[in-house]
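Q: For reference, the chains in residue letters:
Protein chains: 2
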Amino acid sequence: MYATRNERRRFLFASGSTIGAAAIAAGGARAEGKAPAGAQLFDVPDDPTKEQGRPVAADGGYGTRSQFETAVRVRYPTPNENTSWSLTPLADLVGNITPSGLHFERHHGGIPTIDPARHGLVLHGMVDTPKRFSMDDIKRLPSVTRKHFIECSGNGLTEWKKPTLKTVQQTHGLLSTSEWTGVLFSTLAREVGLKPDSAWVLAEGADAAVMTRSIPMEKMLKDAIIAYGQNGEAIRPEQGYPIRLLLPGYEGNTHIKWLRRLEVSDKPFMTREETSKYTDLMADGRARLFTLDMDAKSVITFPSGDMRLPGPGSYTITGFAWSGRGRVQSVDVSTDAGRTWYPARLDSTPEPMCTVRFSFPWRWDGSPVVLQSRCTDETGYVQPTRAELIAIRGDHGPAASVYHLNAIQSWGVSQSGGVSNVHA
Amino acid sequence: MYATRNERRRFLFASGSTIGAAAIAAGGARAEGKAPAGAQLFDVPDDPTKEQGRPVAADGGYGTRSQFETAVRVRYPTPNENTSWSLTPLADLVGNITPSGLHFERHHGGIPTIDPARHGLVLHGMVDTPKRFSMDDIKRLPSVTRKHFIECSGNGLTEWKKPTLKTVQQTHGLLSTSEWTGVLFSTLAREVGLKPDSAWVLAEGADAAVMTRSIPMEKMLKDAIIAYGQNGEAIRPEQGYPIRLLLPGYEGNTHIKWLRRLEVSDKPFMTREETSKYTDLMADGRARLFTLDMDAKSVITFPSGDMRLPGPGSYTITGFAWSGRGRVQSVDVSTDAGRTWYPARLDSTPEPMCTVRFSFPWRWDGSPVVLQSRCTDETGYVQPTRAELIAIRGDHGPAASVYHLNAIQSWGVSQSGGVSNVHA
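Chains F and W, in that order, give the protein sequences. Letter by letter, the first sequence follows residues 1 to 424 of the UniProt record's numbering. Letter by letter, the second sequence follows residues 1 to 424 of the UniProt record's numbering.
In short, the hints are calculated from the structure, not lab data. Only true hints are included.
Chain copies aren't distinguished; within one or between two, either way the pair holds.
No farther apart than 20 angstroms at their CA atoms in a straight line, the calculated lysine to any residue pairs in the SDA-like style are these:
(1) 50 / 108
(2) 50 / 118
(3) 222 / 348
(4) 131 / 314
(5) 50 / 113
(6) 161 / 412
(7) 219 / 289
(8) 50 / 272
Using the sequences plus the hints, can you model the full thing?
A: Spelled out as structure tokens, the structure:
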């Protein structure tokens with residue numbers, strides 16, 4: 001049929017010869033195949049086998065992404081760059097781990113530069129023997145490695161009353177999942193000895209904001225980690241280098257970054273961050289303090305806001321589900337604005353206080369639809385609708401309840417395939 | 001006791017006030033606390049709370065490591081930089097995942113630059129309907145995400161006859177573990193339909209070396225993945241961007257990078273890489289072909305070659321164990337050159353064809369010792385000694401058997417705390 005093996009290969013690899021396969025237009029949020037504007041590119045040969053590739057770097061080095069991979073965090077345009085946040089491009093992730101370079105940020109005083117050789121963790125207060133642990137001390141103690149999400153309690157706080165932001169990165173991007181390595185607080189507690197009446201621990205960070213939160217001792221002893229590792233290497237400066245507190249399932253601000261001090265007490269310290277901020281106004285006008293657990297939540301990341309489906313056909317709806325109270329038990333998907341629900345596939349065995357990716361094969365007939373996902377966690381708690389949540393928390397004007405918006409998210413798909421953030 | 005809260009804090013944080021904690025001198029391989037020579041550093045304030053930190057980057061961006069984290073891959077000094085390899089700094093890792101930027105490399109023709117919008121995977125040969133899959137086609141199919149190691153069959157090949165290299169990065173660094181996301185080959189096979197007598201698949205890469213290997217169909221259908229994701233994002237150019245073949249547990253060269261073609265046949269293709277190379281000479285002078293499974297193996301990464309322990313005391317011995325044939329069942333550690341063995345702790349539940357980190361609390365009395373680890377996998381196979389392996393493979397001169405050196409590794413600790421690669 002072909003004179004030579006090479007001839008056959010040329011035919012098979014001729015550009016445009018796509019036999020029997022259709023393409024998805026992935027929309028603006030996914031930059032695959034588009035080189036960044038103005039960036040310096042390597043020439044891309046038509047046939048890479050005909051050109052010697054790049055050599056292995058002389059010093060081996062620390063590898064980087066392909067020039068064709070351009071997903072980035074997006075900073076929310078706050079007036080002050082030091083008290084600001086940046087959002088994970090959830091729709092660009094694969095699997096169930098957030099690349100360290102794309103982990104979301106929320107800082108109140110910028111990112112400090114800390115020399116680990118000069119950094120220490122002081123553990124004092126109602127203890128038998130106060131201690132200052134150097135980084136070497138911390139790392140020589142037995143460690144654990146566990147996969148957990150961190151979510152800011154303000155994730156999506158613009159979305160209570162009206163659909164405001166456009167993409168899933170904007171509405172849900174204060175969420176990331178990493179493999180964290182560190183020493184259990186309980187291990188450190190054994191080193192210093194806790195006094196009998198100790199009941200709370202103040203955690204303090206070494207950034208300009210000197211973030212402080214009071215944590216119940218029960219939580220500290222249960223599963224709190226003083227974490228120095230993120231996805232196999234040192235945690236990133238934006239995530240608290242060289243050590244942060246990791247409280248599986250608790251609201252993000254309690255996972256104090258750039259941790260420098262833990263003070264044991266019998267009472268909460270009632271810091272600014274847990275009185276003036278991070279409280280929740282309820283329907284009866286009183287405020288709930290120490291709303292520490294992140295409630296069960298889920299969101300569809302494909303298709304999601306600002307994408308455009310090329311037309312009717314088969315798609316795999318996918319997204320993430322998580323709960324601060326334990327494992328995800330199940331995820332349901334609706335393609336009719338919540339009238340009917342079907343179970344979605346969980347792509348992996350759920351782990352405690354960790355995201356799980358779900359998938360749902362869907363055949364779109366081209367009619368306008370509203371897609372939703374709903375998470376049930378192992379306690380039996382079911383992710384509520386916005387209406388249900390507002391009924392419990394009260395309607396407090398434009399900001400509604402501000403924090404802990406874990407309502408079901410709706411994405412409207414129009415007849416032309418445009419996907420948008422809707423309230424349904 | 002102190003006039004003000006601030007005074008107390010200044011005392012606690014004064015440099016040098018380390019109460020009751022000793023430091024480990026980690027040796028040359030760990031660069032914590034040492035800034036890279038000549039690198040531009042941010043000024044490091046004595047008290048980071050007194051200075052505004054770095055703001056959140058305007059474009060959010062893609063984060064990088066702390067300037068104080070300098071572990072890198074090291075390139076083996078081959079004469080030709082295009083056919084070369086670089087080694088993972090195993091002793092600098094935490095947890096059980098290799099940061100993508102530190103994944104080992106082994107290339108035979110350099111690293112190609114491939115535009116994913118122009119790349120495709122051709123699946124043809126003994127199939128009903130040959131197809132060319134674009135990257136979009138591949139990504140719209142149902143995916144899996146699984147954690148697996150890749151090990152080069154030449155890992156440590158200099159170490160058969162004499163201890164030659166110094167550090168664990170050099171002796172064992174052609175080993176890395178990632179979360180891989182991709183589509184199962186079996187899913188693609190359903191798309192094209194396999195002819196009844198099909199028994200082998202040729203996998204071909206798009207690099208200048210045009211690497212090719214023949215893979216048994218049983219393996220392809222069992223758990224072969226066409227992988228496009230590595231630790232939550234696109235695989236790295238050094239690991240085969242935009243797609244590679246992932247054959248859990250098989251020798252590294254079969255995981256063809258920059259995958260462009262899969263040809264189905266009823267016979268192996270007997271390519272150069274599986275005849276002239278990657279075969280193993282046995283004791284009787286015959287060569288074993290298709291030695292595809294990586295055998296059970298383990299290595300202690302701390303303490304390891306070129307480190308120096310500061311003196312007698314308590315340490316946590318740690319390292320990795322893995323097997324290409326299934327799960328690690330157990331790991332034992334010896335501190336007396338293999339005369340007596342004790343079980344080590346497995347830091348996580350072993351997963352199939354994946355590394356697991358082990359830990360072993362050890363009290364060193366200061367006398368010279370030889371440390372070893374030994375892996376048993378779920379098939380019952382026990383990691384052999386060098387002597388046992390040579391008896392089976394034969395002694396073929398300076399290169400011995402070259403590939404698949406999975407023998408127990410010995411680290412000698414001298415009275416002064418120096419750790420070195422020894423044969424014991």
